[in-house]
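If you want the building blocks of each chain, they are given just below.
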Amino acid sequence: MSQVLPAEGGLRRIIGDGEALPDGEVEGLTSDDLLALYRNLVVLRAYDERSVIYHRQGRIGTYAIFWNHEAMQVGSAFALEQRDWIFPSYRESAIGLLRGMPASTVLSWWRGHPAGWWNPEDYNVASICVPIATHVPHAVGFAWGSRMKGEDRVAVAYFGDGATSEGAFHEGATFAGVMKAPVILFCNNNQWAISTPVEAQTAAATLADKAIGYGMPGVRVDGGDVLAVYEATREAVARARASEGPTFIEAVTYRVAPHATADDPSIYVDEERVEEEKENECVGRYEGYLKRLGVLTDAQAEEIKQGALETMRAAIAEAEAESPAEVSLVFEHAYAEPPPSQADDLAELRRILDG
Amino acid sequence: MGELFLVEAVNDALHVEMERDPEVLVLGEDVGRLGGVFRATAGLQERFGEDRCVDTPLAEAGILGTAVGLCMAGWRPVCEMQYDAFSYPALDQLINHVGRYRWRTRGKMSFPLVVRMPYGGGVRAPELHDDSPETYYVHTPGVKVAIPSTPADAKGLLAAAIRDPDPVVVFEPKLIYRTVRGQVPEGEHVVPLGEARIAREGSDVTLVAYGAMVVVAERAAEELEDEASCEVLDLRTLKPLDERALLASVAKTGRAVVVQEAPRVCGFAAEVAAVLAEKAIFDLRGPVVRVTGYDVPYPYWQLEDAYMPSVERVIDAVRRLLAT
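Note that the protein sequences, when read in sequence, are chains A and B. Offset between the first sequence (1-based) and the working numbering: plus 8. Offset between the second sequence (1-based) and the working numbering: plus 269.
Hints may contain errors.
[Claimed, not checked] Just some of the chain A residues that point at chain B, by a computed CB distance under 10 Å: (1) Val34; (2) Thr38; (3) Leu42; (4) Ala44; (5) Phe86; (6) Pro110; (7) Trp126; (8) Pro128; (9) Asp130; (10) Ser154; (11) Arg155; (12) Ala325; (13) Val335; (14) Leu337.
[To be verified] Simulated restraints, written as ranges between beta carbons of each label pair: (15) A:Thr70 <-> B:Arg469: 54 to 62 Å; (16) B:His408 <-> A:Ile202: 49 to 57 Å; (17) A:Ser203 <-> B:His408: 30 to 38 Å; (18) A:Ser274 <-> B:Tyr569: 34 to 42 Å; (19) A:Glu334 <-> B:Pro461: 40 to 48 Å; (20) A:Ala351 <-> B:Lys521: 23 to 31 Å.
Hint data in this document are derived by calculation from the structure and do not stem from the laboratory. Where is the CB? At the ideal position from N, CA and C, for every residue including glycine.
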């Protein structure tokens, strides 16, 4: 049986602390699964840490950091099948790596190169959504539309705590409830929307409380606990597949990094709290769990980390080796059949650019 | 099929296209059981079932946002916005996603959705049931815009919109939903997007119009018969604009009056005037004159006749132009 142990704040958790808090376990996960989760965490951690460095080196543009969000992305994605669809926000920009997307593709996105704009159908990962919460109705429509076609596909939309204030979230969640869409609304509550703390975002006691208004269960889980996230998502997926409708998951973590590379959180954040939270970051927590369980050795962990760094070195090299974007791509793909004016515009632009 | 009102032709188009293509579905507020507040979707739910004619929650951004997801799942959604101004909450989805998603996937995924809505004034309705919001839509890259003025075109343009691989917004002039019957071809009938129509031939001045304003332009042309030969050009599609038809007509007449119901500043008439300034300046024998709504909120309906471009205002514009 799974053991779901309450932690502080009533959040579901599995991983203990090796001292006072006992470790739990998730039924059905093999040692290979446990290691796969670890590898996935390390892949995303390496992506994120290297990206901050690449940004400082001027090799990618502004970048939305997801350090300490890895457990939410890895745990939830692990509960899905490849045929299920992921609708990411910019905070989950690299979640496609868990679906076989090359890291160079995501780096290209942050480099503003067309090679970063993937075909969602190649990975069942929708395009990165920048405007907050506006992809929630997309995931709902996709899930609802898939069910009407008799296809067994679940959709997950990822968004932050601030997104639950947006109208698009409300309308999407409303549709999800009414249509009984096989969708999971996954909220990574990192307690900050740039400089706005979650207390200023809502008067609701918890974000999960909002779910009741849409007629769906709201589940609160420790967002730093990859196993608890996995288990909660697995239950939500089972509900969705059983035509029981949507689930709202509130995964609670703490944003210990700036909102993005352009942000200066020292103006608004409590540095002491940040340091405290960093001590408890999600990859290290899981690493400790696996070691206590005897599933992971120091040497294995080191090898996995080195492998992930190697992948990133190759990926940035590949992204930088992309040919300069062809100017015709300014116009291409806006329409299936471009209006005649676009050919004129391109011809004029080429004439001027070619001097 | 014989003669139908414009709104009946819309209904006919939906029946024919849903019959032809099982991936077409209709969603919107009150479109199912009620058949739409204007009856445009009457009979669809009985015929095609609740999955393909969906009564949605009262949430326009939700309608258009889920339609994006429905496209990704392989559907061709036709969204009804109950009234023109009710579509504004959905502009969030339209601007952020509907017009961009194909581009975002570098052309790999199609978003063949349609938004159709009754628009325009003159119907003695409460506030925000009278707007002409076409410019917001025309200005959005990746989105096409069509506006019929006859029952046959209402059917044919909607069919073209439904078959188009890209998002198309169709504005239906509610003022003339049930005023004039017209011949409508039976069965499948498609009017290609991007082709204007000469509603009346003339040689002295071109009256450029679309939607309910085509009727106003035609009446003005009739009343001016003894003074001037007016050509009436019904644009039918605002984007892509049929520049060839516009330039050909103005090359013939040398004069243009553009009529639009929407407020003047940056309205579609301004685009028409700019195209003529760039490409037809040497054909023009006088300034391009606009007859439009004013730059004010749409007025109390007891004053709406003063706001709407009238036959008298169009006649006055033509006379002023001919006198220059």
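Do the hints match the structure? See the list:
1. Val34: Since chain B brings no Cβ nearer than about 30 Å to valine 34 of chain A, farther than 10 Å, the hint is violated.
2. Thr38: With a closest approach of 33 Å, the threonine 38 of chain A hint is violated.
3. Leu42: violated, 33 Å
4. Ala44: violated, 28 Å
5. Phe86: violated, 23 Å
6. Pro110: violated, 16 Å
7. Trp126: holds, 8 Å
8. Pro128: Hint holds; proline 128 of chain A Cβ to chain B Cβ min 6 Å, cut 10 Å.
9. Asp130: Check passed: Cβ of aspartate 130 of chain A comes within 8 Å of chain B, closer than 10 Å.
10. Ser154: With a closest approach of 5 Å, the serine 154 of chain A hint holds.
11. Arg155: Given a least distance of 9 Å, the restraint on arginine 155 of chain A holds.
12. Ala325: With a minimum Cβ separation of about 23 Å from chain B (threshold 10 Å), the hint on alanine 325 of chain A is violated.
13. Val335: violated, 15 Å
14. Leu337: Leucine 337 of chain A check passes; min Cβ-Cβ to chain B is 8 Å, inside 10 Å.
15. A:Thr70 <-> B:Arg469: 54 to 62 Å: At 56 Å between Cβs, range holds.
16. B:His408 <-> A:Ile202: 49 to 57 Å: For histidine 408 of chain B and isoleucine 202 of chain A the Cβ distance comes to about 29 Å; the hint is violated.
17. A:Ser203 <-> B:His408: 30 to 38 Å: holds, 33 Å
18. A:Ser274 <-> B:Tyr569: 34 to 42 Å: Given about 54 Å between the Cβ atoms, the range is violated.
19. A:Glu334 <-> B:Pro461: 40 to 48 Å: Violated - the Cβ-Cβ distance for glutamate 334 of chain A and proline 461 of chain B, about 30 Å, lies outside 40 to 48 Å.
20. A:Ala351 <-> B:Lys521: 23 to 31 Å: With a Cβ separation near 26 Å, alanine 351 of chain A and lysine 521 of chain B satisfy 23 to 31 Å, so the hint holds.
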